[in-house]
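Produce the complete structure using the sequences and hints provided.
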Amino acid sequence: MLEFLQYFPNALTPINLLVLVLGTIGGLFLGATPGLSPTMAVALLVPFTFHMEPATGLVLLGAVYTSTVAGGAISAILINIPGAPANIATLLDGHPMAKQGQAQKALYFCFISSLVGGLFGMVIMVFFTPPLAEIALEFGPSEMFWVALFGITVMAGLTSGSVLKGLLGGMFGLLISVIGYSPMLGVPRFVFLDVLTGGVAIVPALIGLFAVPQVFSLMETAFQQRDEVSFKPQKGILWRTFAENLKKVKALSIGSVVGTIIGVIPGAGGQVAGLIAYDQVRKFSRDPHSFGTGNPEGVVAAESANNAMVGPSLIPLLTLSVPGSPTAAVLLGGLLIHGLFPGPDLFRSHAEVTYTFIASLVLAQVAMCGFGLLMSRYSHTVMKVPDLEMAAAVTVLAVYGTFSVQNSLDDVVVMFGLGTLMYLGRKVGFSAAPVVLGIILGTIAEDNFLKGKLIAETDVGLFKYFFTGHLNLIIIALCAASVGYSTYSEVRQYQKAKAQTRAKEAGS
Amino acid sequence: MNRDALVGLVCLAASVVLYATLGHIEEPRAAAFPRTIIVIMGALSALLFLQHLIFPKPRPQQPPFPWLRVGGLFAIIVIYLVVCEELGFYLSAFLFFLAVTYIMGWRRLNPKQAAKWLMGSAIFTGILYVLFKVILEVQTPRGLLL
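Those sequence lines, one after another, are chains A and B.
Taking the numbering used here, I'd label the letters of the first sequence as residues 1 to 508.
Taking the numbering used here, I'd label the letters of the second sequence as residues 1 to 146.
I should point out that these hints are in silico values taken from the structure, not numbers from a laboratory.
C-beta atoms are modelled at their ideal positions from N, C-alpha and C, and glycine is treated no differently.
Mixed in with the good hints, there may be bad ones.
As the list claims (entries may be wrong) - Just a sample of chain A residues kept apart from chain B, beta carbon distances all over 10 Å, derived:
1) SER162
2) LEU167
3) ARG348
4) TYR400
Claimed, not checked - Label-pair distances were calculated between CB atoms; the ranges are:
5) B:PRO60 with A:ALA506: 15 to 25 Å
6) B:GLU137 with A:SER349: 27 to 37 Å
7) A:THR487 with B:ILE103: 44 to 54 Å
8) B:LEU50 with A:THR458: 50 to 60 Å
Listed below in structure tokens is the structure:
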């Protein structure tokens, strides 16, 4: 906590504040634009941080991460399309409110609740991250290998509808990470084309996997009609809404606590946080039937939860390299590119950069609320950005972002090839997040696998080294639990769908 | 055969092919990690195939896939990447923006529309130029002009 206060002024330097403000406004805009996910926005911005100091670059990525999550509520409320998966629960009551002529009020509720939840999550993050990072000191090669696999299992289970497809995606990512010359042994692997000789760098992979499928999806939906509502800005309702929002203590508390807990669970993300908080607030409500018809408590719960998730989702990331959400996985890529490796070293050798980043996340919550409230009056204009123009702009930025890594068009070819493959993969139920995590954690997994193998062969043997010891067993149990839980959820969903089909058939 | 079972089968075949390509690596340690991953991939693929063969999931009706639009965009992007090296980043970005917003938008050509269309692309390219060349001073793909 002392270090946090010591480095807090670093986040207030003119350049960091400028980047924070621009990142927040840009993030709100990108979040509000239907079809552009926060993960893609952060992935597209990673190359821009190459030319910045590490702390400033991370301030930009953190501000965009924070504000895109909240900005996604704008399109959820106004046109019934969540800007991000985290805003699915917001539209359940936000859009009905907008239909009743309360769009501006719903947006105010959204940003004020996001601020409350976001600050709560940040407090938890500031207090718990440094001590948890110390635990990572106990980890040897076998534990680090299992941690990398744990990250993939949680992401695989929670971001894809099928556990097996999620795990396959993660394994595919691990394979992509070994393309090129082996860093330890100098042997070429899977170099089928000249462009693959140098391997697949993180940035082209991030941009390709998140931006290219999005561009094709924008083209698919380019001519679809949207369920838009009329928006008439009202004057003088801000302070009334502010007071009304703060009186909804129950929804704010449940949202913030649920968001924080879900945020710490690796891979769960804002979508799960928003939906669970919404469900809990409805269950505790005296009038549960009003939910889904424009009850502001639904918006408050969902938005406080998905922003409370932002800070805690970085706890497993900064301590163990295991991201708490798909966007946090991209942030991990941003950290590694600047030479920052998660763990205790981050808080000792790079304390200045790390604490400046954390401090900027707190400021980003305040900036998100301030600019979000200001933008609310004009947010309906953001909805009018045509999909075709957006698709063209994202493609050009993706090409620049990829080229800028090594000034190589080969990287651009790799980016586009991977992106096209991912688009086809999405069509058959694969998700980009486990693949990305596989690519990012692949090097950590292989290095530690080989180190562990060397130690094991000269010491206790492979099985004993990797499968015994209390830390190994705990992480293996966590891997099994995450796969087990996801499998259980999938089986339940399958049974539910089957029962519904049977009921339909019986009815007809 | 159901679609997901077919996906499992394709992944299984890909795993076998990838495993075979590791055969030529003489240093066993370099192949150990990828080989382990491919074996796990193969097992997961087989499980996916069996899962969907035994428990097929009902698929909701999907709207027809816009092949022409998505295929057209794919072709335009490929052409863009090819000409990017020849024409340079800014000129090719200008032409790409025109192609995507006009051709893919299936708009009719009249003088007013054409002026609007050219103006939009020029403004977009101008913003890129100011951002990358003037403010950030970064290198972009160079070609004939810029």
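Okay, the hints, checked on the actual structure:
Chain B draws A:SER162 into its interface by the beta-carbon criterion, the shortest separation being 8 Å against a cut-off of 10 Å. Against the 10 Å criterion, A:LEU167 falls within the reach of chain B, whose nearest CB is about 5 Å from its own CB. No Cβ of chain B approaches the Cβ of A:ARG348 within 10 Å, the least distance being about 30 Å, so the stated non-interface status holds. In this structure A:TYR400 is not separated from chain B by more than 10 Å, as the shortest Cβ-Cβ distance comes to only about 6 Å.
Between B:PRO60 and A:ALA506 the CB atoms are about 19 Å apart, so this pair conforms to the stated range of 15 to 25 Å. Against the hinted window of 27 to 37 Å, the Cβ-Cβ separation of B:GLU137 and A:SER349 comes to about 31 Å, which satisfies the hint. The hint said 44 to 54 Å for the Cβ distance between A:THR487 and B:ILE103, and at roughly 46 Å that hint holds. For the hinted restraint 50 to 60 Å between B:LEU50 and A:THR458, the CB-CB distance of approximately 40 Å leaves it violated.
In this structure, the earlier hints numbered 1, 2, 4, 8 are contradicted, and the remaining ones agree with it.
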